[in-house]
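Which chain is which? The protein sequence lines are Z and V, in order. Letter by letter, the first sequence follows residues 0 to 461 of numbering that gives the first Met the number 0. Letter by letter, the second sequence follows residues 0 to 96 of numbering that gives the first Met the number 0.
Derived by calculation from the structure, the hints in this document are not laboratory data. Beta carbons: idealized from backbone N, C-alpha and C, even for Gly. Treat the hints loosely; a few may be bogus.
Beta-carbon label-pair distances, calculated as ranges [as the list claims (entries may be wrong)]:
1) Leu-10(Z) <-> Asn-17(V): 19 to 25 Å
2) Arg-80(V) <-> Val-45(Z): 35 to 41 Å
3) Asn-17(V) <-> Met-419(Z): 41 to 47 Å
4) Lys-452(Z) <-> Glu-84(V): 37 to 43 Å
5) Thr-152(Z) <-> Arg-80(V): 20 to 26 Å
6) Phe-260(Z) <-> Glu-84(V): 53 to 59 Å
7) Met-419(Z) <-> Ala-1(V): 43 to 49 Å
8) Ala-1(V) <-> Thr-152(Z): 48 to 54 Å
9) Asn-17(V) <-> Met-0(Z): 26 to 32 Å
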Amino acid sequence: MIENLTQATYLVAASLFILCLRWLNHPRTARRGLVAGVAGMTAAIVGTLLNPEIVNFTWIVVAVVVGTAIGIPLARVPLTAVPQRTALSHAFGGIAAGLVGTAKYILWLQEGQLTAFRMAAIGVEIILGYLTFTGSLMAAGKLQEILPTRPITYRGQNFVNLSLLAIAIGATGYLVVHPGAWYLFPVVIILSLIFGVLLVMPIGGADMPTVISLLNSYAGLSAVAMGFVLENKVLITAGALDGASGFVLSVIMCKAMNRSFTNVLFGAFGQVQAAQATAEVRAVRSGSPTDAADLLANASSVVIVPGYGMAVAQAQHRVREIYDLLTKRGISVKFAIHPVAGRMPGHMNVLLAESEVPYDALVEMDDINPELPQTDVVLVVGANDVVNPAARHDTSSPIYGMPIIDADRARFVIANKRSMNPGFAGIENELYYGENTLMVFGDAKGVLGEIAKALAGDGSSH
Amino acid sequence: MAFVFVLSAFVGFQVIQNVSRLLHTPLMSLTNAISAIAVVGSIIITGEQRTTLTTVLGAVAVAASVTNIVSGFLITDRMLRMFRERGPAAGKVGGPR
Chain Z
0 MIENLTQATY LVAASLFILC LRWLNHPRTA RRGLVAGVAG MTAAIVGTLL NPEIVNFTWI
60 VVAVVVGTAI GIPLARVPLT AVPQRTALSH AFGGIAAGLV GTAKYILWLQ EGQLTAFRMA
120 AIGVEIILGY LTFTGSLMAA GKLQEILPTR PITYRGQNFV NLSLLAIAIG ATGYLVVHPG
180 AWYLFPVVII LSLIFGVLLV MPIGGADMPT VISLLNSYAG LSAVAMGFVL ENKVLITAGA
240 LDGASGFVLS VIMCKAMNRS FTNVLFGAFG QVQAAQATAE VRAVRSGSPT DAADLLANAS
300 SVVIVPGYGM AVAQAQHRVR EIYDLLTKRG ISVKFAIHPV AGRMPGHMNV LLAESEVPYD
360 ALVEMDDINP ELPQTDVVLV VGANDVVNPA ARHDTSSPIY GMPIIDADRA RFVIANKRSM
420 NPGFAGIENE LYYGENTLMV FGDAKGVLGE IAKALAGDGS SH
Chain V
0 MAFVFVLSAF VGFQVIQNVS RLLHTPLMSL TNAISAIAVV GSIIITGEQR TTLTTVLGAV
60 AVAASVTNIV SGFLITDRML RMFRERGPAA GKVGGPR
């Protein structure tokens with residue numbers, strides 16, 4: 000009876016989870032989706048607590064209190080730190096899967112119930128779980144800049160990594176055939192933990208959006224494996240949804256950078272760039288914030304291209320002021336969002352939404368590009384590689400082939416930069432040398448503040 | 000069970016591809032919270048209390064999952080609140096260019 004009730008709550012939960020993601024297709028229905036998600040989770044947890052096998056609730060309550068105490072502050076981080084938070088939560092997901100797999104192995108080994116199928120499922124669960132744990136911790140460390148964000152590479156890296164993984168899988172295979180060989184179990188755990196570290200070590204800052212998405216997928220798949228171990232269908236469903244989501248996002252990120260999965264995982268980006276730093280000095284046209292304000296005030300359409308640099312300089316609110324001032328003058332203002340702008344998928348949208356830019360002003364790269372030739376002024380703030388025209392025609396450029404926002408096709412371009420030093424990727428940006436480009440040097444927050452002030456100052460003159 | 004997995008993954012691909020690109024960050028925090036359904040398995044292992052070791056392992060897993068549930072849902076809510084449409088205050092009429 001109770002068993003049926005529990006199964007019924009699981010079915011309800013799985014359906015609600017699907018609806019939850021379905022409603023995320025539009026910001027207007029998204030919060031309804033969130034409610035569905037919370038309801039599904041509540042149903043599943045209540046259904047589980049009814050389970051008669053649970054004889055003692057003390058530890059469960061303690062763990063829930065601890066989890067809540069960690070979870071609440073983690074939900075209050077500044078939005079620039081959301082990528083790190085997300086990486087950390089993948090780590091938590093991974094460790095939960097790893098620990099449950101370990102506990103199940105111990106129990107079934109003692110009881111002599113370790114079938115080949117169970118052992119194989121546990122093997123997948125712990126390999127994925129533990130590698131996601133350390134890999135995500137590495138990613139979080141790099142994003143928080145506790146660890147060097149540069150790719151760390153050495154000769155034979157891929158060979159070492161793949162050998163470790165192969166040994167772990169081989170040992171698991173032996174365990175499936177000989178479940179009694181318990182001494183191999185910790186070996187698999189340790190190898191998986193090390194593999195996670197080594198997997199993320201060679202990956203640089205620019206590839207973080209892809210890696211986070213990929214680890215998201217792994218975390219989901221480890222939950223699926225846990226579902227196979229525990230023969231629990233709601234776990235399989237929810238894990239598969241998470242795994243699918245991470246996979247879809249990884250593919251979008253890879254396409255946005257014109258790179259393949261294997262290239263992200265096995266070809267550290269950093270090495271290509273060193274060869275590119277040609278020290279050729281070319282003339283640029285630079286101007287003051289007032290010049291930029293004049294140009295903007297006389298435009299009838301403006302497109303703003305934000306990059307992560309904007310968020311680093313905490314300049315989003317200044318950008319929104321400029322958006323407001325221009326809109327008030329009847330100038331059409333849109334934001335062009337590149338899929339990899341920011342440190343995780345969709346990051347830039349969240350950062351701009353926080354500074355109260357309405358979401359209908361945020362336009363995806365593919366939708367804005369056809370409009371750019373008719374645009375009067377493009378304002379580039381903290382973006383670099385995603386507006387570099389070299390990606391379209393310079394076959395020797397490391398970013399050749401990457402889809403970009405065609406800022407150079409607008410009538411005028413205003414680009415803000417600290418100095419003429421090439422960005423983190425070390426790639427020269429042709430856009431800055433264009434005839435129609437006005438460079439405004441200085442800290443983004445300061446420069447944009449002055450532009451906003453100039454725009455507000457002569458509000459009546461036009 | 001493999002049937003459930005394949006079907007769910009298929010539904011997942013369909014649904015995720017329709018998620019607004021604006022909402023990819025909330026999507027990730029939300030799927031984080033959802034996959035923390037792993038709490039279900041951890042609760043049983045903790046509550047069964049077969050051995051001290053497995054109870055402790057289970058309890059840590061419950062704590063990790065609850066962290067994801069709480070922070071995942073809360074931060075998704077926080078982010079979704081920020082997405083607003085162009086208000087009447089802006090008063091812009093989007094005419095054809």
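Okay, the hints, checked on the actual structure:
In this structure the supplied range 19 to 25 Å holds for Leu-10(Z) paired with Asn-17(V), their Cβ-Cβ distance being about 23 Å. At roughly 27 Å, the beta-carbon separation of Arg-80(V) and Val-45(Z) lies outside the given 35 to 41 Å, and the hint is violated. About 43 Å separates the C-beta atoms of Asn-17(V) and Met-419(Z), a value consistent with the hinted range of 41 to 47 Å. The hinted range of 37 to 43 Å is not satisfied by Lys-452(Z) and Glu-84(V), whose Cβ atoms lie roughly 28 Å apart.
The hinted window of 20 to 26 Å between Thr-152(Z) and Arg-80(V) is violated, with their beta carbons roughly 42 Å apart. Taking the beta carbon of each, Phe-260(Z) and Glu-84(V) are about 36 Å apart, not inside 53 to 59 Å as hinted. A hinted range of 43 to 49 Å is violated for the C-beta pair Met-419(Z) and Ala-1(V), which are about 57 Å apart. For the hinted restraint 48 to 54 Å between Ala-1(V) and Thr-152(Z), the CB-CB distance of approximately 38 Å leaves it violated.
Remark: the range hint 26 to 32 Å for Asn-17(V) to Met-0(Z) is contradicted by a beta-carbon distance near 39 Å.
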